[in-house]
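Those protein sequences? They're chains A and B, same order as listed.
Residue 199 in the numbering used here sits at position 199 of the first sequence, and the numbers go up by one each step.
Residue 1034 in the numbering used here sits at position 34 of the second sequence, and the numbers go up by one each step.
The set of hints was computed from the structure by calculation and includes no laboratory data.
Using N, Cα and C, we set each Cβ at its ideal position, and we do this for glycine too.
Where hints are given, some of them may not hold.
Sample of chain A residues at the chain B side, in silico, Cβ under 8 Å [said to hold, decoys possible]:
1) Asp12
2) Gly29
3) Leu32
4) Leu176
5) Leu177
6) Gln201
7) Gly204
2 protein chains.
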Amino acid sequence: MGLTLDITMSLDGFVAGPNPTLEEPLGAGGELLHEWIVRLASWRRYHGLEGGETGADDELAEEIVASIGAHIMGRRMFSGGAGPWEQDPRADGWWGEDPPFHHQVFVLTHHEREPLTKEGGTTFHFVTDGIEAALERATAAAGELDVGISGGAAVAQQYLRAGLIDTMNIHVTPLLLGGGTRLFDEQGGEPIGLELVRAVQGHGVVHLTFTRPS
Amino acid sequence: MGLTLDITMSLDGFVAGPNPTLEEPLGAGGELLHEWIVRLASWRRYHGLEGGETGADDELAEEIVASIGAHIMGRRMFSGGAGPWEQDPRADGWWGEDPPFHHQVFVLTHHEREPLTKEGGTTFHFVTDGIEAALERATAAAGELDVGISGGAAVAQQYLRAGLIDTMNIHVTPLLLGGGTRLFDEQGGEPIGLELVRAVQGHGVVHLTFTRPS
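Only chain A is shown next, with the shape it has when bound in the complex (with noise of 0.2 Å):
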């Protein structure tokens, strides 16, 4: 029913490392920000995996993901950032044969193409007119549920530039990155005043969610 943004950031504000390459598309670093996640149980069974921890972490980790019905991310993110997709723009991406999403996914792009149906409930969408329409086709699949962000930067930059950003979850780890890619560059503009619905301590993260003021 709304548009949530679902990121993790350094506490210097990077949602990646400098530098992405194949060998390390977060950039050097960037796995740093995400090692809160890839342990809890949550993550791992939506990747295929057993194990894992549970906890205060792993429930609204599992509750975010809960109340998401369909996604939008980036060229970028789907074709893992300095990935296949820059040399060939009908590669599949590095998700897999079973994407962690089981849902509909719509990914901005310049490129047209059919729907690529994966195992699992995943179908990617490519939207080649703008983020106002993939919002409009993402929010009609997600039905009662929320459509998810998860970046990359560039395009949640966009959504917020529009201000078609409904709640913001941001986790934020206990790491200075130095550099690499910001969540939030210098829109400029007036002031923008969020509310603070809730801060969660983790376990080695901040779980902030921050809604436009209504």
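Once you have looked at the hints, place chain B on chain A.
Just chain B now, with coordinates in the frame of chain A:
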């Protein structure tokens, strides 16, 4: 016994807004950063005012203030940003006759100058031989207590880069300033992992405390 950074930052990473002037020394929208603190009973008391809000934010702010026995600040924070110091290095700054510190304050500057003693126990000392000398003098003045840095960003960054900050109290406000002075610039180098000590949800602010891993 250690060096504590205590500063308020917008969600998008700014500790002051863009375009500081004499009328708006914290830049456009910069005053919004400190709405959470100026209404507190402890802040008002330190500034010679009565009344104000009590509760969790006030107790936390009071606890931090009580832990600090001396301060270090930059020349701009002493003079009030784009204040009189810019024109006259002998100006007294904007802190008035009874500044809210009530202890020794060490001002980093290039202008040698005699100490300036104010009412209420505050003396400003002017340190021209660098950040380590200022820290040494402030540590001696603080006795059993910590040395505090509250800004500006340039001073905080110098101490961060030098690895001299032991504790960071970062008060994150639900605000997108869209520009201004960042607390964390692109320092480069290896990622620095911090330890998250606590995260407290306040009234229009989240209080985060980090230390360097021991």
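Results of checking the hints against the structure:
1. Asp12: 3 Å, holds
2. Gly29: Interface hint status for A/Gly29: holds (4 Å vs cutoff 8 Å).
3. Leu32: 6 Å, holds
4. Leu176: 4 Å, holds
5. Leu177: 5 Å, holds
6. Gln201: At 4 Å from the nearest chain B Cβ, A/Gln201 passes the 8 Å test, so the hint holds.
7. Gly204: 6 Å, holds
The structure shown violates none of the earlier numbered hints.
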